[in-house]
Amino acid sequence: MVSWAFLGIRKSSESQDDMVLVGPLHLIAVGVALALALVIGLVVLVQWVVAS
0 MVSWAFLGIR KSSESQDDMV LVGPLHLIAV GVALALALVI GLVVLVQWVV
50 AS
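Here numbering that gives the first Met the number 0 is used: position 47 in the sequence shown is 46, and no number is missing along the way.
Treat the hints loosely; a few may be bogus.
[What the hints assert, rightly or not] Beta-carbon label-pair distances, calculated as ranges: (1) A50 with D16: 43 to 49 Å; (2) V19 with I39: 41 to 47 Å; (3) S11 with L35: 22 to 28 Å; (4) M18 with S51: 41 to 47 Å; (5) L37 with K10: 18 to 24 Å; (6) A36 with Q15: 33 to 39 Å; (7) V42 with D16: 33 to 39 Å; (8) I8 with A32: 18 to 24 Å.
If you're looking for bench data, these hints aren't it; they were derived computationally from the structure.
Just so it is clear, CB atoms sit at the ideal spot from N, CA and C, and this is done for glycine as well.
Work out the full structure, taking the sequences as your base and the hints as a guide.
Below, the structure written as structure tokens:
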């Protein structure tokens with residue numbers, strides 16, 4: 000659910016149904032973890048390209 004919302008391809012009706020099942024703390028934690036993973040992945044990719 001969080002990854003679909005993170006990418007922006009989730010229907011709002013399905014998102015509303017899932018919000019009943021998942022707490023806001025879970026969404027924040029997974030969202031921060033995904034954002035951090037994205038940033039770290041981009042940094043590693045740039046370092047790899049520059050080193051080549």
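Verification of the hints:
1. A hinted range of 43 to 49 Å for the beta carbons of A50 and D16 is consistent with their spacing of about 46 Å.
2. Separation of V19 from I39 is about 32 Å and departs from the stated range, judged on CB atoms against 41 to 47 Å.
3. In this structure the supplied range 22 to 28 Å holds for S11 paired with L35, their Cβ-Cβ distance being about 26 Å.
4. The hinted range of 41 to 47 Å is satisfied by M18 and S51, whose Cβ atoms lie roughly 44 Å apart.
5. L37 and K10 have their C-beta atoms about 23 Å apart, which keeps the hinted 18 to 24 Å range intact.
6. Judged by the Cβ atoms, the range 33 to 39 Å given for A36 and Q15 is violated: they are separated by roughly 26 Å.
7. For V42 and D16, the hinted distance range of 33 to 39 Å is satisfied, since their beta carbons lie about 36 Å from each other.
8. Evaluation of the 18 to 24 Å hint for I8 and A32 yields a pass: the beta carbon distance comes to about 19 Å.
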